[in-house]
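Go ahead and model the full structure; you've got the sequences and the hints to work with.
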Amino acid sequence: MDGQLSSDILRGHTDTIVLASLLDRDRYGFEIYNRVLQKTENLYELKETTLYSSYKRLEKEAFIESYWGNETQGGRRKYYRITEKGRELYQQKLKDYEFTRKILERLFMEE
Amino acid sequence: MDLKEFINNAFGKYEESPELIDFKEELLTNLEDRLQSLEASGLNRDKALKEIKTEFADINKIAEEMSLAKKKEVFEIQYMSLRSFVTKKQAAIYTVLGVLVAFGMITAGLSYLGSGKVEALIGVLMVFLAAPLAGFVYMGLTQETATRNPMRPLRATIYAIATFVLIFGALLVPMLVFGEAKSLEGALAVLIPFALPSIGVLGFLMITEADYRKAWVLKEAEKHNEWAKNFEASGNAQTFGIMTAAIWILAIGAFIFLLILKLWIYSWIPLVVALAVMMFLLAYYMRKSS
Numbered sequence: 001m002d003g004q005l006s007s008d009i010l011r012g013h014t015d016t017i018v019l020a021s022l023l024d025r026d027r028y029g030f031e032i033y034n035r036v037l038q039k040t041e042n043l044y045e046l047k048e049t050t051l052y053s054s055y056k057r058l059e060k061e062a063f064i065e066s067y068w069g070n071e072t073q074g075g076r077r078k079y080y081r082i083t084e085k086g087r088e089l090y091q092q093k094l095k096d097y098e099f100t101r102k103i104l105e106r107l108f109m110e111e
Numbered sequence: 001m002d003l004k005e006f007i008n009n010a011f012g013k014y015e016e017s018p019e020l021i022d023f024k025e026e027l028l029t030n031l032e033d034r035l036q037s038l039e040a041s042g043l044n045r046d047k048a049l050k051e052i053k054t055e056f057a058d059i060n061k062i063a064e065e066m067s068l069a070k071k072k073e074v075f076e077i078q079y080m081s082l083r084s085f086v087t088k089k090q091a092a093i094y095t096v097l098g099v100l101v102a103f104g105m106i107t108a109g110l111s112y113l114g115s116g117k118v119e120a121l122i123g124v125l126m127v128f129l130a131a132p133l134a135g136f137v138y139m140g141l142t143q144e145t146a147t148r149n150p151m152r153p154l155r156a157t158i159y160a161i162a163t164f165v166l167i168f169g170a171l172l173v174p175m176l177v178f179g180e181a182k183s184l185e186g187a188l189a190v191l192i193p194f195a196l197p198s199i200g201v202l203g204f205l206m207i208t209e210a211d212y213r214k215a216w217v218l219k220e221a222e223k224h225n226e227w228a229k230n231f232e233a234s235g236n237a238q239t240f241g242i243m244t245a246a247i248w249i250l251a252i253g254a255f256i257f258l259l260i261l262k263l264w265i266y267s268w269i270p271l272v273v274a275l276a277v278m279m280f281l282l283a284y285y286m287r288k289s290s
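From first to last, the protein sequence lines are chains B and P.
Per UniProt numbering, residue 1 is the first one in the first sequence, and the count goes up by one each step.
Per UniProt numbering, residue 1 is the first one in the second sequence, and the count goes up by one each step.
Derived from the structure by calculation, the hints contain no laboratory data.
It cannot be assumed that every hint is accurate.
To be verified - Quick list of in silico lysine-lysine cross-link-like pairs, DSS-like style, CA-CA up to 25 Å:
1) P:K24 with B:K60
2) B:K39 with P:K53
3) P:K219 with P:K229
4) B:K47 with P:K53
5) P:K24 with P:K47
6) P:K24 with P:K89
7) P:K182 with B:K47
8) P:K4 with B:K78
9) B:K47 with P:K24
10) B:K78 with P:K24
11) P:K61 with P:K13
12) B:K93 with B:K56
13) B:K56 with P:K13
14) B:K60 with B:K95
15) B:K102 with B:K39
16) B:K85 with B:K60
17) B:K85 with B:K95
18) P:K117 with B:K47
19) P:K24 with B:K56
20) B:K60 with P:K61
21) B:K78 with B:K56
22) B:K47 with P:K47
23) P:K50 with P:K4
24) P:K4 with B:K47
25) B:K56 with P:K4
26) P:K13 with P:K219
27) B:K47 with P:K50
28) P:K53 with B:K78
29) B:K102 with B:K60
30) P:K61 with P:K47
31) B:K56 with P:K53
32) P:K24 with P:K13
33) P:K24 with P:K214
34) P:K182 with P:K262
35) P:K117 with B:K56
36) P:K61 with B:K78
37) B:K39 with B:K95
As the list claims (entries may be wrong) - Distance ranges between label pairs, derived from CB positions:
38) B:E41 with P:S17: 16 to 24 Å
39) P:E64 with B:E84: 29 to 37 Å
40) B:M109 with P:D58: 31 to 39 Å
Note that the Cβ used here is the ideal one computed from N, Cα and C, for glycine as well.
Now the structure itself:
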């Protein structure tokens with residue numbers, strides 16, 4: 001990768017990244033964080049504080065739900081589950097992104 | 001310093017709320033996992049801890065959000081709701097007291113209708129009104145709410161006893177007038193052993209009362225008492241105080257006068273009028289000061 005990941009752009013899509021992390025299964029905070037790390041090949045990390053703000057926001061708007069796991073050892077983990085409303089939001093965000101990307105490409109190209 | 005300590009320190013200056021406790025627990029498990037994964041990648045514990053702390057340099061940003069937004073939310077919800085503070089036992093006692101009052105009212109009404117005697121009605125009220133009301137006083141004072149701390153049981157007991165004696169003594173006056181056909185002067189004399197000591201006790205307790213408002217209420221009150229300062233500073237508060245005193249002296253005088261004339265049914269009117277006039281005055285002077 002020669003280019004650099006723009007942290008601003010990434011941060012602007014935190015909610016979508018969180019929603020995407022929950023599509024296949026429920027995850028808890030560290031797993032979501034770790035997924036971002038792995039997918040970006042450890043090159044970029046989304047700040048945990050940004051992630052937590054995102055969980056709170058999404059949960060308040062009922063795009064995700066949380067529940068405590070029943071771990072037998074150590075502290076309890078708080079898992080997040082995506083709701084139907086969340087899946088709809090994710091699809092919408094995906095479409096928005098696709099649209100934005102096309103426009104940006106057009107704008108970035110030489111005439 | 002371990003993670004738990006780190007988290008506690010970071011949130012130290014924020015008021016504990018159920019949400020914050022919740023969040024701290026969530027944070028702790030996540031950070032423990034993060035610590036493990038950093039250690040697994042070859043960092044020693046100290047380095048790993050340091051790494052986490054750097055990553056979490058703006059932890060207080062979340063704390064701020066949690067604490068302010070949630071606090072407001074939680075308080076708004078809890079402000080008017082007693083539910084989270086009333087235990088099942090307390091709820092049962094409130095219900096029993098309420099039923100007792102209702103029972104007293106019905107029985108009093110029935111015994112009056114049955115016998116046609118006012119003293120029968122009052123006699124029932126002396127027990128079934130005074131006792132549950134005293135009970136309500138005790139329960140109310142020892143009840144913790146979102147905004148108030150509970151009073152100590154002993155002090156609340158004295159309040160309750162004084163309330164009982166006061167109501168009992170006050171009801172004794174019409175009781176004696178109607179039942180024993182005593183003169184009003186003679187009947188009013190029974191106020192001396194009953195009403196006077198209980199009023200004295202209540203007065204003493206109220207004057208020496210501590211402030212039971214919770215810390216956050218006091219903080220809120222601080223913000224809202226701007227108008228009170230104006231009210232105080234403009235001299236309107238003093239004028240209002242003197243006028244209120246005058247109104248109540250007149251009202252109580254009129255009340256006693258009507259009693260002496262045996263115009264029982266009209267005796268309450270001056271008190272209600274006084275209360276209403278006081279409220280109008282308060283509204284008028286508050287407006288004038290703002």
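Distance restraint between P:K117 and B:K56, which requires alpha-carbon spacing of 25 Å or less: Violated - the C-alpha atoms of B:K56 and P:K117 are around 67 Å apart, more than 25 Å.
Quickly compare the C-alpha distance for B:K102 and B:K60 to 25 Å and report which way the hint goes. violated, 32 Å
Compare the distance between the alpha carbons of P:K4 and B:K78 with 25 Å, and conclude whether the hinted pair is satisfied. holds, 17 Å
Regarding the pair B:K47 and P:K53, is the alpha-carbon distance no greater than 25 Å? Answer holds: B:K47 to P:K53 is near 12 Å, not above 25 Å.
If you draw a straight line from the CA of P:K182 to the CA of B:K47, is it 25 Å or shorter? The hint is violated at about 85 Å.
For the pair supplied as a hint, P:K24 and B:K56, confirm whether the alpha-carbon distance does not exceed 25 Å. holds, 13 Å
Straight-line Cα separation of B:K39 and P:K53 no greater than 25 Å? Distance ~23 Å between B:K39 and P:K53 Cα, so the pair holds.
CA of P:K24 to CA of B:K60, is that 25 Å or under? Holds, because 18 Å separates the two Cα atoms, which is no more than 25 Å.
Holds or violated: are the alpha carbons of P:K24 and P:K89 at most 25 Å from each other? Violated - the C-alpha atoms of P:K89 and P:K24 are around 32 Å apart, more than 25 Å.
Has the given pair, B:K47 with P:K24, been kept, meaning a C-alpha gap of at most 25 Å? Status holds; Cα separation ~17 Å.
Pair hint B:K60 and B:K95, alpha-carbon separation not exceeding 25 Å: The given pair, whose Cα atoms are some 23 Å apart, holds under the 25 Å limit.
Are the Cα atoms of B:K85 and B:K60 separated by 25 Å or less? holds, 12 Å
When each numbered hint is compared with the structure, violations occur for hints 6, 7, 18, 29, 35, 38.
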